[in-house]
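Got chain A sorted already, so can you dock chain B onto it with the hints?
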Amino acid sequence: MADKLTRTLLTGLWLAGALCVAVDARAYQSEIDATFDAQFYSLQSPYGSPLVQRRRYTQTLALNLYGLDSERKPLGPSLSFKSRLRLDTDFGQRPEERNPDSASYVPGLAEAPLDVMYAYLDGQRYLNGALSFRLGRQYVVDTLGFWSFDGVEVLLDTPAYFAVEVLLGFEQRGGLPMLSSSRFEAGGVSRGDRSGLTVGQSPSYLQESRLAPAYGFALESSGVSFLHSRLSYRKVINRDAVLVSPFLDSSGGLAYARGDRTSSERLGYSLGVNKAELGAALGSLVYDLYNRRVSQYDLVLDWYATGRAVVGAQVGYFLPTFDGDSIFNWFLHRGTTSATLHADLSLLSRVELAASGGVRIFATEGDPTTYARSFTAPDLTQSGRSYDALATLGGRYRFWDGSVALNTLAESGSAGHRYGGDLSLHKQFDGGYYDSLAVLSLYDWEDSLRADRRATSFSYVLGAGVAPSFLTFSRGRLGVEWEHTMNHLVGQRFRMLATLAFSVLR
Amino acid sequence: MSGRVPGGASDGSFWLLALSCLLAFCAAWCSRSPVARADAASPAPSGAPISSASGAAFTAEVLPARLERPPLRESDRPPGAVPDDHGPSLAIFPNQRIPLFFNHRRHVKELGLACTACHEKARTSHAASDSLLPSGARCDGCHGTDHRDLREVRPAASAPQGQCAFCHVGYSSAAGNRVATLLLPKPNLRFDHALHGARHIGCAQCHGAVENLELATRDQMPRMRGCLNCHQAPSPAAGRARSECRTCHLTDPTGRLQTTFSSGTLSPPRWLHDAGHGPDWTLRHQLVAGNDSRFCANCHSPKDCADCHDGRVRPRRVHPNDWLNLHPIASRQNQQNCTSCHREQSFCLSCHQRAGITLSGPFADSAQRGRFHPPKAEWTDGPRTPRHHAWEAERNISACVSCHVEHDCAICHATAARGGRGAGFPAGVGRGTDPHPLGFRSRCASALRQNARPCLVCHAPDDPNLLDCR
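As they're listed, the protein sequences go chains A and B. Residue numbers for the first sequence follow the numbering used here, so the first one is 1 and each next one is one higher. Residue numbers for the second sequence follow the numbering used here, so the first one is 507 and each next one is one higher.
Read the hints as simulated data drawn from the structure, not as lab findings. Computed from a predicted structure; not experimentally measured. A hint or two may mislead.
Stated by the list, open to error - Between beta-carbon pairs, the in silico distance windows are:
| # | chain 1 | residue 1 | chain 2 | residue 2 | range |
| --- | --- | --- | --- | --- | --- |
| 1 | B | P892 | A | Y434 | 51 to 57 Å |
| 2 | B | H833 | A | Q201 | 26 to 32 Å |
| 3 | A | Y434 | B | K882 | 24 to 30 Å |
| 4 | A | T370 | B | A873 | 33 to 39 Å |
| 5 | A | A27 | B | A633 | 21 to 27 Å |
| 6 | B | C847 | A | A305 | 29 to 35 Å |
The C-beta atom is built at its ideal place from N, Cα and C for all residues, glycine as well.
Chain A on its own, in the form it takes in the complex (with noise of 0.2 Å):
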């Protein structure tokens, strides 16, 4: 209860700050923007049961505020603010979903989390443009992933060419009280609030109560627009006592592993170098420091063949790598390289296509059709592959208040296959002031480890949205969609997603 009323009083605390600083005209340039999604549908067990019933209601809503310190000048110095705030409630769950003592408990599951996606004080282009900062929870985009923390980054630009970025703060991690995610822990365990379970009570679900110190470095090459280059290196540290063994030991009770532990520990370049006339060259590969295994690394080459196409192919090579407190970490074996050549094409003057196609290899240790035959001293050396072929085509048209897309996929191989498409139209009418949704799709599927799970679906979705410039609003839109799908194995499947957003800047 007291969890809720601190949830409702920080939301109404964050829009009443807002309002008062969107209406208080200032120097400073303020935005709000919020968006709300009501989502309905059903998740049907391939048993039949349970039925899982999506209730869903997201709002986020998004305090901004640019040109803090000084009159704004392109090229000089800016200092704002920005913060986004995301209550994310799911009213179809059970409560006993969440009660521990109750047969149906799910760790870590709540009913309306509430979190601050990000809130930083961005700094721009200091010191005549040498010095740039962000302070509070912010996200990093770099060959190492989509990741966020809370803490500072500063970046120090160069005269010569090159500029220095430094981190240091905590990784956002759900489970602690700081109105957080789970979204950005590295993967292979389970973590949140334990308070309320019993010792032996789920395992697996490890504690998460103290912060994940994380720190990291980036270099990186500044001022040419043909070349681009950033060599990253992140490091986050786990230091709550968890659960060791889900097992009780020899004397009966349970072993902890305590103190500060490496999270993971990860280095990654990346290189793009273009020609204009000519083409690009994009590269990237990260190396595991915790795994001492390079995790993934990928090569394309594009050619820009005429004004009017680009061919290209890309080699790609992917290793899952998991928190350093997951046991998963010591079951990875050969990763995943993929080839695919693909051209992009415009058509006209507003059509363009897109079309891809290759193989991915499973690569395993020991060959899966000899390895049974020689049970007592299999030839672990003896590399099995197993290919998947993949195409993907995709078109659109753009008309001057709409566009007809068409994206289609085909996956064939070992687990199975995945055949079909979407085909979307959207249009507007009236200046944009209406809009409205059509997709189709056929899909056609085979789960190769469950055959009886074959199936052709046939969706459909229809939606509508109306955009009016109404009250204060910068810029909103009331939108519905309504989705049917239907194959035989779920029979008639329904989802209904509402949306508003509006934003004022002023």
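Here is chain B on its own, set in the frame of chain A:
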């Protein structure tokens, strides 16, 4: 909202009919797409999704009827222009209407006039929005006309070059001494002619060889590629030829680039960071954004990233319809993509537990609910046939982790001393095997030193294997 229909197939005729109606409706809708309007030379309305590279329908200049465009040599075009580029971005330089006969070659090459003889305001202009076209009065000295009062312009008495129709396309004396309107929209750009002139940057360096042309059109406006010949300096560099986008592009009150104009929408060209936002952009943006996210931040706010990567509403561009049924196969086929937005042990696991498809959780009793995976004899027991779970785990452990907690794996893979069925467990069917990959022993010491917790899940502290790693 959902209901399983056992006899769903018997309803097929109804849904076939519904599908037919829907298809017919969509076909009719598409067929009335205003192609004619798309091809018209009118500017797109605000927000209309016209990319900078897709404006050929708009690039046809409205040229005077009797004026033939002289053959244009590529060498006369501005630096950065390439064949078939459809001219500069419409979002930056909207369409113009110049109903004039004018011969630059005659004035510059033959008569020896400098550009600034007519475009004199270029010397002092600090804003791209300044009109640098000479007024009609500028022509009077040579042409013998009188443009001082535009309400009562007087032609020369007899000289043919002083007659209105000599310059003004479509002029007819019978039409009330009126000339066609010249339309020259302001470019959506920052540009300081005076500053560039002071640095001895000649007109041709941006506008190409105008002296070889007759009428100079929108095609002579600068290309970004040409600008970047000089603008290649980092922010703190001396001088002001910085490569930052905002050096030239307009920004909105939030500090980001203004991308929507009445004449089109600004979008990066493919040759800049390989960032063309084509139909496959969703699939390939990862490398571009990972390499230089500050470049993306010129136009995008954190919200744009979060809407998909940390979103709560399924993005249609990423997940097609019926994703709930499609996603199990997709996750096993395409593991690379899932983890860029989803965390297996929070996002995936809790939903799977609620849906009753996990080994742990409220519906863990497989005897009651049925078995999710292939039969135990194939999936978990030895010998390890091609349908054994070990191969699936090796191929794509991420898919396993989206349903299984470590307890599920440790049951068999942990050593007997830790309560599992691995090393130390009596040999035979049901005994777990060593799950470590080849070469693991060479890495285990470092791993153990950095974080002993995962080791201790399966190995007792006095396990000889663990001691070896120490």
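How the hints compare with the structure:
{"no.": "1", "hint": "B/P892 to A/Y434: 51 to 57 Å", "verdict": "holds, 55 Å"}
{"no.": "2", "hint": "B/H833 to A/Q201: 26 to 32 Å", "verdict": "holds, 30 Å"}
{"no.": "3", "hint": "A/Y434 to B/K882: 24 to 30 Å", "verdict": "violated, 57 Å"}
{"no.": "4", "hint": "A/T370 to B/A873: 33 to 39 Å", "verdict": "holds, 34 Å"}
{"no.": "5", "hint": "A/A27 to B/A633: 21 to 27 Å", "verdict": "holds, 22 Å"}
{"no.": "6", "hint": "B/C847 to A/A305: 29 to 35 Å", "verdict": "holds, 33 Å"}
Of the hints listed earlier, the one the structure fails to meet is number 3.
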